[in-house]
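Chains as they are written, first to last, in the UniProt record's numbering: chain A, 1 to 278; chain B, 1 to 278; chain C, 1 to 278; chain D, 1 to 278.
What the hints contain is simulated information worked out from the structure, not anything from laboratory work. Hints should not be assumed to be uniformly reliable.
Taking lysine to any residue and the SDA-like style, the derived pairs with C-alpha atoms no more than 25 angstroms apart in a straight line are [unchecked claim]:
id, chain 1, residue 1, chain 2, residue 2
1, B, 28, A, 159
2, D, 149, C, 164
3, C, 149, A, 221
4, C, 84, C, 66
Source: prediction; values computed, not measured.
There are 4 protein chains.
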Amino acid sequence: MKEIKSKFDIFRQKVHIIIYGTNTTAGKLFDIVLLGLILLSVLMVMLETVDTVDQKYHNILLACEWVITIFFTIEYILRIISIKTPSKYIFSFYGIIDFIAILPMYLSFFFGGAQILSVVRALRLLRIFRILNLVHFTGQASELRLAIKTSRTKIIVFIYFVLVVCVLLGSLMYVIEGDESGFTSIPVSIYWCIVTLTTVGYGDIHPITPSGQIIASFIMILGYGIIAVPTGIVTAEFAQNRRKKGLFSFEKENPCPNCGVDDHKEKAGYCYNCGNKL
Amino acid sequence: MKEIKSKFDIFRQKVHIIIYGTNTTAGKLFDIVLLGLILLSVLMVMLETVDTVDQKYHNILLACEWVITIFFTIEYILRIISIKTPSKYIFSFYGIIDFIAILPMYLSFFFGGAQILSVVRALRLLRIFRILNLVHFTGQASELRLAIKTSRTKIIVFIYFVLVVCVLLGSLMYVIEGDESGFTSIPVSIYWCIVTLTTVGYGDIHPITPSGQIIASFIMILGYGIIAVPTGIVTAEFAQNRRKKGLFSFEKENPCPNCGVDDHKEKAGYCYNCGNKL
Amino acid sequence: MKEIKSKFDIFRQKVHIIIYGTNTTAGKLFDIVLLGLILLSVLMVMLETVDTVDQKYHNILLACEWVITIFFTIEYILRIISIKTPSKYIFSFYGIIDFIAILPMYLSFFFGGAQILSVVRALRLLRIFRILNLVHFTGQASELRLAIKTSRTKIIVFIYFVLVVCVLLGSLMYVIEGDESGFTSIPVSIYWCIVTLTTVGYGDIHPITPSGQIIASFIMILGYGIIAVPTGIVTAEFAQNRRKKGLFSFEKENPCPNCGVDDHKEKAGYCYNCGNKL
Amino acid sequence: MKEIKSKFDIFRQKVHIIIYGTNTTAGKLFDIVLLGLILLSVLMVMLETVDTVDQKYHNILLACEWVITIFFTIEYILRIISIKTPSKYIFSFYGIIDFIAILPMYLSFFFGGAQILSVVRALRLLRIFRILNLVHFTGQASELRLAIKTSRTKIIVFIYFVLVVCVLLGSLMYVIEGDESGFTSIPVSIYWCIVTLTTVGYGDIHPITPSGQIIASFIMILGYGIIAVPTGIVTAEFAQNRRKKGLFSFEKENPCPNCGVDDHKEKAGYCYNCGNKL
Chain A
1 MKEIKSKFDI FRQKVHIIIY GTNTTAGKLF DIVLLGLILL SVLMVMLETV
51 DTVDQKYHNI LLACEWVITI FFTIEYILRI ISIKTPSKYI FSFYGIIDFI
101 AILPMYLSFF FGGAQILSVV RALRLLRIFR ILNLVHFTGQ ASELRLAIKT
151 SRTKIIVFIY FVLVVCVLLG SLMYVIEGDE SGFTSIPVSI YWCIVTLTTV
201 GYGDIHPITP SGQIIASFIM ILGYGIIAVP TGIVTAEFAQ NRRKKGLFSF
251 EKENPCPNCG VDDHKEKAGY CYNCGNKL
Chain B
1 MKEIKSKFDI FRQKVHIIIY GTNTTAGKLF DIVLLGLILL SVLMVMLETV
51 DTVDQKYHNI LLACEWVITI FFTIEYILRI ISIKTPSKYI FSFYGIIDFI
101 AILPMYLSFF FGGAQILSVV RALRLLRIFR ILNLVHFTGQ ASELRLAIKT
151 SRTKIIVFIY FVLVVCVLLG SLMYVIEGDE SGFTSIPVSI YWCIVTLTTV
201 GYGDIHPITP SGQIIASFIM ILGYGIIAVP TGIVTAEFAQ NRRKKGLFSF
251 EKENPCPNCG VDDHKEKAGY CYNCGNKL
Chain C
1 MKEIKSKFDI FRQKVHIIIY GTNTTAGKLF DIVLLGLILL SVLMVMLETV
51 DTVDQKYHNI LLACEWVITI FFTIEYILRI ISIKTPSKYI FSFYGIIDFI
101 AILPMYLSFF FGGAQILSVV RALRLLRIFR ILNLVHFTGQ ASELRLAIKT
151 SRTKIIVFIY FVLVVCVLLG SLMYVIEGDE SGFTSIPVSI YWCIVTLTTV
201 GYGDIHPITP SGQIIASFIM ILGYGIIAVP TGIVTAEFAQ NRRKKGLFSF
251 EKENPCPNCG VDDHKEKAGY CYNCGNKL
Chain D
1 MKEIKSKFDI FRQKVHIIIY GTNTTAGKLF DIVLLGLILL SVLMVMLETV
51 DTVDQKYHNI LLACEWVITI FFTIEYILRI ISIKTPSKYI FSFYGIIDFI
101 AILPMYLSFF FGGAQILSVV RALRLLRIFR ILNLVHFTGQ ASELRLAIKT
151 SRTKIIVFIY FVLVVCVLLG SLMYVIEGDE SGFTSIPVSI YWCIVTLTTV
201 GYGDIHPITP SGQIIASFIM ILGYGIIAVP TGIVTAEFAQ NRRKKGLFSF
251 EKENPCPNCG VDDHKEKAGY CYNCGNKL
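Make a model of the complete structure from these sequences and hints.
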């Protein structure tokens, strides 16, 4: 009995190294195959919605999807089995995504068309960051994350302002333009205002009266101007994080034992202030 | 008589704490309910303009709006009563908005459709910044405000330039393209030029002659280039404000034991204020 | 004879003060009236091209334009007379604009419709910067000018690259999409590519084949990415100019007489390095 | 025999100076003529695709193209002959472009219409940077290149995120909007999502259901916000490179009289390298 358990433990350990590890050849291979399958799976869900492709290859696509889904299900079970505390994986970000990724296909038994939801598998593509797991990439991603995180509040305040402005200007345009130009209701006008302010400009709705066009011009210039705000926020964050990092790595490393000045160049051999040997 | 007055004073004080204060539970609750009602009210004005919704629920919407308007009216009166110097509130930014927010419904007695103007209530949503009243949020908002304020003049100069350019290029396009492409007059051409320069690009008017398309391309690249200007302005402001602030907050680490001044440079060996050794 | 000359000289001086000066009340008034007339004139040229307005008020508009043109002509002559070296004014930036501004109306005798060119009077609106002549505004404008000037070469290099990319990608789209989608020739495809890359996106021409849409997506993301480049250039210039200015005004003002360290705070009373009284 | 070889060597040398050199008058003239011909050639390939032009001038355009192609072929052969190690040129960036530039015309013998590919000659226009070969321009271009290079990884990470977001949001819109609005398949919806997120907004496909418009608004604001990220990245790189460079170029003012090192801090009193008093 004990031997069986021990064998199972060895199996678990091996699986753990292959599935979670990225240092062994098998582990790397597994990750690359997995990523390839995720990509393939997402592509197939997409293609299934293209009528011309679906009519020709419906059965092949469906078969492939089932094969991949079963593979993902096995992988999911193995992940749970091979980890010490399964709940830690199950309720982690990637664990939840992995579960959601296999759910739609099984749901499609009960609800026709539910397999379209399999497209959420695209989220699994974020796993690439774990696979690469390179200091370089992680550093880059974390710098991005830090800049976004620290500027989050300011961006929320900014978007709140923008939305209030859109409600007011959208309503104004509704009053001015009326139904003929497509401004059929205030919500539609607000939608148009967002389309304009963000400089997307579909052209499905556009002002036709002179006064409407004047206000639209004002909104556009406003949008042109305020796009500077989030850019300014994020850039300042980037620059500051960069500067901080730069400051600490570049300087403040060898204070002069004589006068205490510490912002020497890294290659400095003598204190620039008192000439003392460092 | 005096007792009555005193009772009224107590009532005023209580109302003041609830309406203006944000520290008590009642005060917080009041603010949240108020914000919810403002949001609800704005949503209802919006929905009233959607034909399909209005046909079904016209009476319900109207009734709700009246209830909310009456509540806002009572709130407005209480705000005036419970403050020491009512004129201070009445002519403040929020006071004027509060008044304008209740006006349209009463005007709708005399002018049909005036209730659409109730959408200005959206401005009351800015009250959220007072309600949150958190140092964090206020700090963020004030940083935004400061950056916009200091870069205001430069942005006005910039927009003035852009408008003069639009007048000239718009007229040029009017001469080149003519009526067939939709460039029916100089004002319309200027409108098109703003639509293009701000990269909105509705497509309701667009050049069809080769020379018109060449000039349009030039305008687009110009617009693509000059969008950098407001961004550059605002970013530089942010970065500078950040740097200044960073300088002061960063350094508050070693207060002078003699005079207490604490914004020394990190490398300072002597207090810059009293010359005491740190 | 001499007296007449002297009288004329006094007249010239008075005119000079009114026309060129901005310090006297008369000078200020003249400038404001002039600016108003320029604005009015530009507006009237615009309105003349709007059919509905022109049909009603053609004669009034024309009469007004002639009155303003004659006023501008007189102003132009006075400017030449009242200045010491007329050639300096005539061939200056503003002098040439002033001349071009009055020319079209006189040309309209010989060429019908030439008065539309009067819209170049909009250039005279730039005179506002001379009228304001405030240190503040001039400073702001010159900061803008400096940032644009120093980043000019980089922006030219950038636009050259973008145009070469547009030629290549435009041609590619012509080969892929063909006539049906509106990509009727390579120049048109290049025009479309510029419309897309600058994120204007009229929609008059748009890809309909899957491969065309994939390449278009690539162009859009490219455009989204490279918009960062001119912004980055200009912002870096702004920040640097700001920093330089900040550096010199903020610090480097009172070097310590004892140890020579000179980056003291402005309010510093003692050297942070050696504690010597400044 | 030897004399002939020697004559050929002299010829090779002369050709080398003219073709590769930019210092002699002949070399400069050759470069300018070459650039003009490249531009002319690209223009003619473009014009050939414009029906109205092609019908009139087909033979002239074709003849010119052949003349230029033969000139380019001779130039290509001369470049190979006149260089010491031909393989170095042939497999260099410009060498490959030069070869590709002449290929299509010869291919047009076998495949009709292949001459359209001659448009790749536009790549030869990048040669301008070698022709200008000015320290100034090269410096500007290299600064651009450096900023793009150092921010490359971050931008790839960013685009990967954006694409995953587009897959998810595009699929969501496909489910919500359906065929009627033009969201005929998930790939098309993703295409629409990229068009929207990058603020291009053709308008060929646009949401018509209220819920679709709400999600579209969300995507637009998201796109408006995240455009800040690449801008922030590139700007921070520019600013940092600038700062670094600024630091070094700025300080090259007082070289050490002892060891000659010249990148001292401005406030330095002693050489950081040898401790000598400055």
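Structure-based check of all given hints:
no.: 1; hint: B:28 <-> A:159; verdict: holds, 24 angstroms
no.: 2; hint: D:149 <-> C:164; verdict: holds, 20 angstroms
no.: 3; hint: C:149 <-> A:221; verdict: holds, 24 angstroms
no.: 4; hint: C:84 <-> C:66; verdict: violated, 29 angstroms
Checked against the numbered hints listed earlier, the structure breaks hint 4 alone; every other hint is satisfied.
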